[in-house]
Amino acid sequence: MSLVDPPVPQTSPTFAASSSSSPIAPGNVSTATPAAGAVDAAKIYGSGDSEVRALDGVTVGFEAAHFSAIMGPSGSGKSTLMHCLAGLDALTSGAVYIGDTYLAKLNDRQLTEFRRTEVGFIFQAYNLIPTLNAYENITLPLLLGGQKGDQAWIDRVVETVGLRNRLKHRPSELSGGQQQRVAVARALASKPRIIFADEPTGNLDSRTGAEILDFMRRAVNELGQTIVMVTHDPQAASYADRVVFLADGKIVDEMQEPTAESVLDRMKRFGD
Amino acid sequence: MFRISLKNVLARKARLFLTAFAVIAGTAFLSGVLIFTGTIKQSFDDLFAKAYSKTDAFVRSSNKIESQFGQAQRDQIPDSLVAAVRSVPGVAEAGGNVSGFATMTSLTGKSSQKASGPPEFGGSLGNVATTPWHLTTGSKQPSGGTEVVIDKSSAKNMGVKVGDQINITAASGSAKYTVVGIATFGDSDTSGGAAWALFDLPTAQKVVLNKTGLIDSIVVKGDGSLTDTALAQKIETALGPTSQTQVLTGAQITDESKSAIEKSLSFLTLFLTIFAGISLFVGSFIIYNVFSISAAQRQKENALLRAIGASSRQVSASMFIEALIVGLVGAVIGFAAGIGLAALITGILSAVGFGVTGAGLVISPSVPVITIIVGLVVTLVCAIAPALRSGRVPPLAAMRDVALEKGAVSRGRVIGGAIVVAIAIASLITGLAGSSAIWLVPGVIGIYVAFIVLGPIIASPTAKIVSAPLRRFRGVTGQIAGQNAARNPRRTAITAGALMIGVSLIIGVATVGSSVRQSIKDTFGKQFTGDYSITPVSDSGLGGLPTALSDQVAALPEVQSSTGLGANRITIDDPKTGKGAARTVIVVDPKTVGNLYNLGFTQGSLQALTPDGIAISSDRATGDGLKMGDTVNVVLLNQAKVALKVEGIFTQDTLANRIVPRDLFKSQNSPLFDFQIVVTKKPGVSDAAAFAAIKKLTDPSQTAKLQTKAQYIADQSSSIDGFLNFIYALLGMSIFIAAIGIVITLLLSVYERRRELGLMRAVGTTRSQIRSSIRWESLITSVLGAVEGVIIGVLLGWVVVRALRSQGLSSFSVSTTAVVFVAVMAILLGLAAAWFPARRASRSDILAAIATT
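Top line first, the protein sequences correspond to chains V and D.
Following this note's numbering, the numbering of the first sequence begins with 921 at its first residue and continues without gaps.
Following this note's numbering, the numbering of the second sequence begins with 96 at its first residue and continues without gaps.
Read the hints as simulated data drawn from the structure, not as lab findings.
One should not assume that every hint holds.
[Unchecked claim] Which chain V residues stay away from chain D? Per the calculated CB distances, all over 10 angstroms, these:
1. I1074
2. N1085
3. K1088
4. E1142
5. M1187
[What the hints assert, rightly or not] Straight-line alpha carbon distances no greater than 27 angstroms define the calculated DSSO-like cross-link-like pairs of lysine-lysine that follow:
6. K559(D) with K1088(V)
7. K671(D) with K736(D)
8. K1068(V) with K671(D)
Backbone N, C-alpha and C fix where the C-beta goes; we use that ideal spot for every residue, glycine too.
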């Protein structure tokens, strides 16, 4: 695929100066080869006095086959970071990459195809196309590319999320938890390089939420999937291998093997 | 509540514009029609005011035959009356006038008219004191048998200047004349678009009337000593009742001419208004749809209003006020757009030679009033159901996610639809069984209502069937398009229904047209047994070919026989009531008619008609209770009463119901014309030789068209094409509005589905896939409308053809051209309508879609 490019500097002069030969970001991240990451990423809205720096020089990497969480108080830039990482939004400066691909190198069509094949999404709400049934929603990215997909894999995914007898139902005939499970299955179905989840349990009660997070955890453990999740819920973050904390558009901290308590403690300090 | 409505309207300018657009499109047509006909009427009023500006009194024959359209046909009066009028005290000047049909062509064959349509006249120029014509510089009064003055417009069209020769064909035959002058009518190039060849009075009498000593009217100018009324009375007294004349004042003749033209224009106005009504009706579908959709989209907002204490009535009222604003804005813009439309129509008309209008458009104050009232009423009526529905929204809906519009089809709709279908079919059967054709009207309307009521029921499965193959070769994009078209069956059905109406009318008209064409081909093929036909190049009124022409053709050595066919109007007494009514009769020459026409005589024949005989179609004979030998009392234009004997009964009545011999009119002053001459060649003479010989005779006049039998039949069967094209153009407006409806509905749907579209984009749908899915959805809607329209249109055509079977419409033929045209048009329309919504959809903001608030 022509999408694989050498790590040529894009927009960031800082990055050009570093002239590193692989997209391994320096700084406060782990040492394993990241599945995706950002280098000196900045996202600025407005200009002059009304300038808002949603992302202010973020450099971060997310490991493959890991479950990572991005946390921070509201307005910290965590959603913006995820949108930019997933290619849904463009940076003002700096670069984001998934695998060997710098997203800024892609035009709209290439980026769309890249999202379809390499990225999976789970949103907080409005995850499903109302006119398609559960199975069609799960296989939508594959259908869009005109592919059949790996039937055995799809069966396994469907089995894992426990939707076998709900496949012919439309989203309106499914409960909120079931809808979110369909969304998880869809994200997994095309075997993407990485899945981004944006507050996936935000609309669910805690029991259903725990169920979804459990599925995501198992997808990482059993299927080797890479997942990056944005959340403000310490309980949800505790399912992750690692938590990155964001405040005022900057990475301020990170935590390995988090628990709900440790995350909550860390979060409380943002109030100071 | 009014402030909330106003804010609502202003906050959503795009929606206001979209809704108003449907109102604008509907009312613009109406306003354009009203302005156009008003302008024509005004220009004719000006024309008559000009024509009679120097007339104080007007003398004409009191013998007449009424006509349904325009002025009555009047007898001529002797020109000796001019001297009698001139000697009446108070008369300053009196001049005899003659006018009739006359066709001019330049020696190179150029016509005096840019397009066939406006009439061509010949007449007397009249004296300077009374004529409305002004001679341009370099012109002189025509005098003697070879001089003519022509109107400036004809001079331009023929490329003729003073001193040139032209051909003129009138009742007397064809001859060359020298143009000695060019005249303007007041300050216009000619009077009302007509062409005029103007002679001195004796020449006009000879050329135009083919008689001497007769005139049509006398124009009188008073010396100023009497009022016009007194003058007219004085002349009437002087002439006496025996003269069989009628004397009018200048004002009376002007008013009479005006009201006559008004009568014929009112038909045009009604005709055009019907089409404006159709457009408005189609537009009302769109207006209703927009309000429905916006009510559904605002469900949450309205529920919130209800939750914080607005009453159900207030919510409905807010919607109504919004409709009021939209209707008002739309109708005002529609009125303005109508001015443009009227300017466009008159511009096109004058470009193709129908320059009937004077300077500028005439906009009477009633036009904006009517347009705005109609626009407002239609908009408000369309808003009733959506407004009531908004009011019924439960406050709790504010807490829920907005549900999709209910797709389910109610039982009431199914039952109601079934009842309408049953009534419609029953009416149609009753009507076609022959009890009364009036039953067909509720039948046809019922079919439309049934399609509209049952539309949502049909829409869903049809959309799925249409999209089934799409899924095969367009994959998930096609599937989503199909399901989107099926998800709001009511919305899709109404959008398609708007298109259905226009398409069905086009197909219905095309079916009737093609059946008429087929019938003409069939019956003319049977009735017309000659080898050649000669018809006038321009076919205005009852005029045409001089009656002498057929004898000249018959005299050719290559020709076996030749006969002329004319038409005239006489008053015929109804055999049951004894009351007279003006009827058109076909005039034949029994001496020459031979076997040139085969009308299927069961008794008697055309050849055997005596001067006091009449032949009647079998249907007419049955209707009037007449049989061979019975007496039919008729009155001619000159008030001569004649008792005609039924001497023939025939079955082929396409041509006419009553046929009389030419000799019946021997005593009449008005000239006779033939509208067709039928010729057979001598056996053994080659086709080419015979054709060339006749052509040599007819060609110099440039006014007669020679055709072989095959050419003539083809020409006749396409004679309705111009009229059909005119109707298609008018119906095109409703198709255009329906296409706008598809655009609006798609745009609103795209707006409604913006989150879904953003999500599609997020999970990897390319922009072109989004565009293609909207395009397919649009295509499904337009094809649905076209299919419904074709079905109902063919049915409509069939019903009309069946109903007119007794009128000689013997064949039923569906126009494949029209069906193919509609199919192609529907596809192009669907694609074109989707262009903008598809663009909008493909630019859906992904981030806005996944935002949780």
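A quick look at each hint next to the structure:
The Cβ of I1074(V) lies farther than 10 angstroms from every Cβ of chain D, with a closest approach of about 15 angstroms, so its non-interface assignment holds. At the 10 angstroms boundary, the C-beta of N1085(V) stays outside the reach of chain D, the nearest C-beta of that chain being 22 angstroms off. For K1088(V), the requirement that its beta carbon stay farther than 10 angstroms from each beta carbon of chain D is met, with the minimum near 14 angstroms. A cut-off of 10 angstroms between C-beta atoms confirms that E1142(V) is not in contact with chain D; the least separation is 23 angstroms.
Consistency note on M1187(V): stated as away from chain D, and its beta-carbon is indeed over 10 angstroms from all of that chain's, at 20 angstroms minimum. For the hint linking K559(D) to K1088(V), the alpha-carbon distance of about 17 angstroms falls within 27 angstroms, and the restraint holds. Our distance criterion of 27 angstroms between C-alpha atoms is met by K671(D) and K736(D), whose separation comes to about 18 angstroms. Of the supplied pair hints, the one linking K1068(V) and K671(D) is violated, its CA atoms being roughly 84 angstroms apart against a limit of 27 angstroms.
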